[in-house]
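Using the supplied hints, reconstruct the complex from the two chains, each of which is provided in its own coordinate frame.
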Amino acid sequence: MAKKVVAMILAGGKGTRLQALTKKIAKPAVYFGGKYRIIDFSLSNVANTGISLCGVLTQYESVVLNNYIGDGEKWGFNGVQSLCVPLPPRQTEEGLSWYEGTADAIYQNIDFLDEQDPDYVLILSGDHIYKTTYNEMINQHEKTGAACTISVIEVDWKEASRFGILEVDGSDKITKFVEKPKEPKSNLASMGVYIFSYKELRKALIADHKDSTSEHDFGKNIIPTFLAQDKLLYAYRFHGYWRDVGTLESLHLANMELLPSKRNNETIDFDTFPTIFSEDTHSTPQYLAINSHAKDCLVNQGAQIYGDVYQCIISNEVIVKKGAVVKNSVLMPGVVIGENSYVNNAIISPSTAIKDDTTINKDSDSIVLIDYERSLQ
Amino acid sequence: MNNVVALIDLHNTTNLGELTKNRPIASTTFLGRYAFIDFTLSNISNSGIDEIGILVQDHSRSIIKHLGGKNTYLRNPKTGFQSIFLNERGLLNPEFNTDINNILENDWFLYDNAVKYIIVCPVHYLMHIDYNEVMKEHIQSNRRVSAVVTAVTNADDPSLFRAEKCTVDPIGDIQKFEVNEGTNKNATICLQTYVFNVDFLREILAKSNSISAMFNINDLVQYLGTYIEKINAIEFKGYFRRLASLNDYYNTSMEYLNCGDDFLHNLFIEDWPIYTLTHNSRPVLYGEKAEVESSLVANGCTVDGTVKNSILSRDVVIEEGATVEDSIIFTNTHIGKGVHLKNCVVDKHCIFKIKREVFGTKEKPIYIPQGEHI
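Residue numbers (the numbering used here), protein chains in the order written: chain A, 1 to 377; chain B, 1001 to 1374.
Please keep in mind that the hints were generated in silico from the structure rather than gathered at the bench.
Mixed in with the good hints, there may be bad ones.
In silico SDA-like cross-links for lysine to any residue, where the CA-CA straight-line distance does not exceed 20 Å [as the list claims (entries may be wrong)]:
| id | chain 1 | residue 1 | chain 2 | residue 2 |
| --- | --- | --- | --- | --- |
| 1 | A | 327 | B | 1289 |
| 2 | A | 180 | A | 17 |
| 3 | A | 199 | A | 110 |
| 4 | B | 1289 | A | 291 |
| 5 | A | 322 | B | 1293 |
| 6 | B | 1308 | B | 1338 |
| 7 | A | 321 | B | 1309 |
Label-pair restraints from in silico Cβ distances [stated by the list, open to error]:
| id | chain 1 | residue 1 | chain 2 | residue 2 | range |
| --- | --- | --- | --- | --- | --- |
| 8 | A | 156 | B | 1076 | 51 to 61 Å |
| 9 | A | 228 | B | 1065 | 56 to 66 Å |
| 10 | B | 1372 | A | 373 | 46 to 56 Å |
| 11 | B | 1199 | A | 271 | 53 to 63 Å |
| 12 | B | 1162 | A | 290 | 30 to 40 Å |
| 13 | B | 1132 | A | 240 | 52 to 62 Å |
| 14 | A | 374 | B | 1357 | 48 to 58 Å |
Idealized CB from N, CA, C, for every residue including glycine.
In isolation and in its complexed conformation, chain B is listed as follows (with noise of 0.2 Å):
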């Protein structure tokens, strides 16, 4: 799709406790080898979308560290573009440091002649949609903006709170948008993927200021639907996790380990590879002593201890007597002799070098920052 920019939001997104204190979501490791953001490219790479801009609102050392060379997600890094696009001034004025006032501070794109529309994407939405059934929906739609919307029946689960919620009328727009406060099982969920004609999102940042210097698109959208414009809604059914919290995250990579023999269902598709950055690492050394089952184990490992119902990121050494239970350990962190891990997530570069055991629970997993020495 020539004619598609796809804008990778990482302003409005969620945190996840700790876990992201140092680091956007977008960078943040899953399921041991990959990092949100990679899901999100990877759904505008596999469309045949070769136009990307990533809006950093913060991190940035952390985002471009991820990315890695321009040919990790483009198809042809010389007639397509991936660029990162920062507002510098927001950088000063956190209140001003919006997704609009980033796509204003870069909007070059926006006067590309060959360019007729802009695709917004999240990162904290985890699922496998292809753009191309997107936009199709949009342009049979004939509205200026669509957003992709999906029914849940679980609306009451904590990972949905305060997402965003919306009415869908008959033909197919969008009446209101409300923050889901979980009070009822049945809700339509906003997956703020949002779609725009782009010679509209011209004229409508071009007012956005005067309305709010302060909108996000999220605002934006609510703002056009509420007063201006009829939005599109694009029914999406397929799989997806939002994720807002440790234990969202912790419960989501769970959901990975114990599917039998589907284990990649949902997001690794046949035909749908997942791209992310590598990093030349030796496939994993199980030693004689290795116990390990249903887990993940990402490339640099070493193993010679017992590994259950956990999720290894690169580089990570388990001694020979160390357990690790229902935990999730990040890269190069090393576990030695004698410790007893459950329920934990462990960051990155972390020693365990003293008999000890640190028992979390599923509901209240424990995190351990980087670089801890215990």
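Next comes chain A alone, as it looks inside the complex (with noise of 0.2 Å):
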């Protein structure tokens, strides 16, 4: 019989370098490829692994996020012996708290992985953009009996010191965490991804909440409390297209790789298997009208284009109108570009009206977001 694994995807953060775009909304429910939200390529990993009982926690802007989670259906959580399920933080008997951190999430979520029972616990961050399914990751913690295996990819050098970085030992084995250190010693960077035995795990929260220095952090506290204790920590090595997007720049940039014209064999394609599941929204067909031109673009349904677009990212609802020119920009959903408007290396916000006549970043190389309040400026 398999083991019993259950996903924990954390998505309570704010992701505050995204400015505006996360004002009302957390960063996982941050739309991206015009069709989904971030949140969609975690969710369809967890599903595309075989994996039918998972927990997200929320907790910035949790609304928007919970109800777009509801029962999973999105991503066929809804089955049955399946379960999907917001876990924003809660009052109980000891008062309302807060999660502290990302280790002090999951154990405030204690009993609820006890109801369960599982045997591996996955921990995901719900702020990546990747395809994978987890089997072989599963399958190495099994072999290796690691008391937690934790997804690495190599990172340029030069890069490096921005990341959580492992030192390995030839066996892949775990001898060292360093966050963010000045001079790497290796360039495997955490992704934020783990697997535990829950024993393990269970302990170790429930001891690292008992100590009132810790910050409550998986890479700060309970890797190297784990590493410390001499427990057994592995590597598994990830292979392909990985994107933290963390900045508008590395956010537009993602986008942007979806485009035809900067493909190459890494990057993200929807056509085959992982597939990303994401909500369908009930939008009329995509227009393209007389004289429009659409080239170099992904363009969801519920689109209507009467003038030009290049390079673009076009999501449902929106309307670009005619005479109206975007270039390398990402329009989220609902969005209105005016008559005889100029676009350009823009991210423009959900539901948001460029008015007529507007120019946005003409000439500039830098990376610009609208949102509702500056499209009145």
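In structure tokens:
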């Protein structure tokens, strides 16, 4: 009988560097690729792995996200013996307490995990763009008998000091974990994807909760403590496309990488397994009017294009009016670009209307975010 | 409306020539993203009716596949229902496979105390109709049967040929039914939408087989109107199209492509969403060489060639150097380099590999059947 795995997705962060995009929604709920939200990737990966029990830890602006997750039907978590549930902070006998860190968020839901009684717990971040199944990683974890397996990706040596870096021995056993090292001795960066044997995790979380000096963070506290206790920790090497879209620039770039002209072997291909599931809106068909141009674009249903769009990601219910030219931009759902407007290198946040004859970011290489308030100026 | 059951009648429909050889019109693709039954189901759903019976004549696989789960159209699948009604005995006796015999086979809903009215809806009339208004008028009329009618000034149009025509008296009752032969431009067309008080329907269905076992609902209503019962005419003033041939299908589809800023008119009304089964397809990818205008494109398509005045359904591939004009391409068809299609309707899963031209005309579009490799 296969081991029972419960996935816990950390989706409570604000994503401050995404500025106004996360003013009313958490980062995992930010739109991506014309049709998707960032958290679709993690949830679809879990579904495609064959895991049917999934908790999503929400905190910052949790209403939109909780509502979006619903009963998990969008990713198929509504079948028999399946469960997908948003887990925002709650009031308990001890009072109301916010999630004080990644580990604390899981700690506060130990009762949920106990009820599911898993062998392993898969902990994921809800704000990464990548396509995978975790089966190989789970197999490796089972084979090595590790207390924890951490998914790592080789990053550019120059960039290594931005990440949590793992040092490993010849068998990929983890010997050291350093958060954002000044002089990295390895280029294996933690992806924030962990598999824990639940017994070990449970013990560690309870101990960590009692430690008043702890920041209750997996990277900063739980993993170093495991290493100090000589527990068996292994790295699992992930190969392929993986993006942390923490800034406007990286969000824009990851969107642009979906365009036909920017594709390579690694970039996300929505046509092959694993499939990314998402909400299918009750949109009208996509319409390209007479004299419109759409080149090198990804355009979702419900969009209406009367002007010209080049190298754009265009979401549902977007209207690009006559004479408008949009280049190199990401238009989120419900955006309207007014007649004869010109938009370049922009991310336009949902339901923002750009007035007629407006010029945005012309001849500029930097990325600009236009939200509803900025559109009024 | 808790006391109304809507029946969608897939027995008394038209056919679209070769297009509906292996599928009913109800599940035939329309505008790249929908099937005709979606418009009927969405009208029902948006009118707040959550109890729906679908009277399936044949090709039930195609219908069941399109309907998907119960929560595509229903608001609450627990309190409401969406059932497929089959006349299983009728499958062996095509002459007796009528909507009336189908209802008689599945008549449990007629004995539900909460149900007061039955509304019968067609799939071959494309329209935006609010059944709340229809119900209101029916109740006001105090009649036991109503039929929805509309006045037209183009009764000589081929799409209305052999539609049901009727004459309405000044009180608002239907005097007589006849078949529209297109002799006059002005006529009142019956939209094959009927409302029955449930106790009356029960009563009359019990007798209908003794009148004729081959009667369908149209025949029954006409018979009632002629001999037994006053039938209230409810006038519908909105947009409608009747689809009765491949040409009607082609022309009605093309109407949506050249209406300027207002392509959503008539069918796609605000707060009146059209629901359909969705397929997790990605957004459309347009390549650097893509030239697309006046077209509707469904998700999952990849376009690198030229598409003008056309409709592409899900997962269609148009390679660079391919040209599609004034055509309708169904799901999963692949148009290769150098292929030039004009005025064609290409069914599902076709592959055009070799460079060639296929030109139909506006009056006579060429139909290419499912799965052709050319």
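Right, here's what the structure says about each hint:
no., hint, result
1, A/327 / B/1289, "holds, 16 Å"
2, A/180 / A/17, "holds, 18 Å"
3, A/199 / A/110, "holds, 11 Å"
4, B/1289 / A/291, "holds, 15 Å"
5, A/322 / B/1293, "holds, 13 Å"
6, B/1308 / B/1338, "holds, 15 Å"
7, A/321 / B/1309, "holds, 19 Å"
8, A/156 / B/1076: 51 to 61 Å, "holds, 53 Å"
9, A/228 / B/1065: 56 to 66 Å, "holds, 58 Å"
10, B/1372 / A/373: 46 to 56 Å, "holds, 54 Å"
11, B/1199 / A/271: 53 to 63 Å, "holds, 55 Å"
12, B/1162 / A/290: 30 to 40 Å, "holds, 35 Å"
13, B/1132 / A/240: 52 to 62 Å, "holds, 53 Å"
14, A/374 / B/1357: 48 to 58 Å, "holds, 51 Å"
No hint from the list above goes unmet by this structure.
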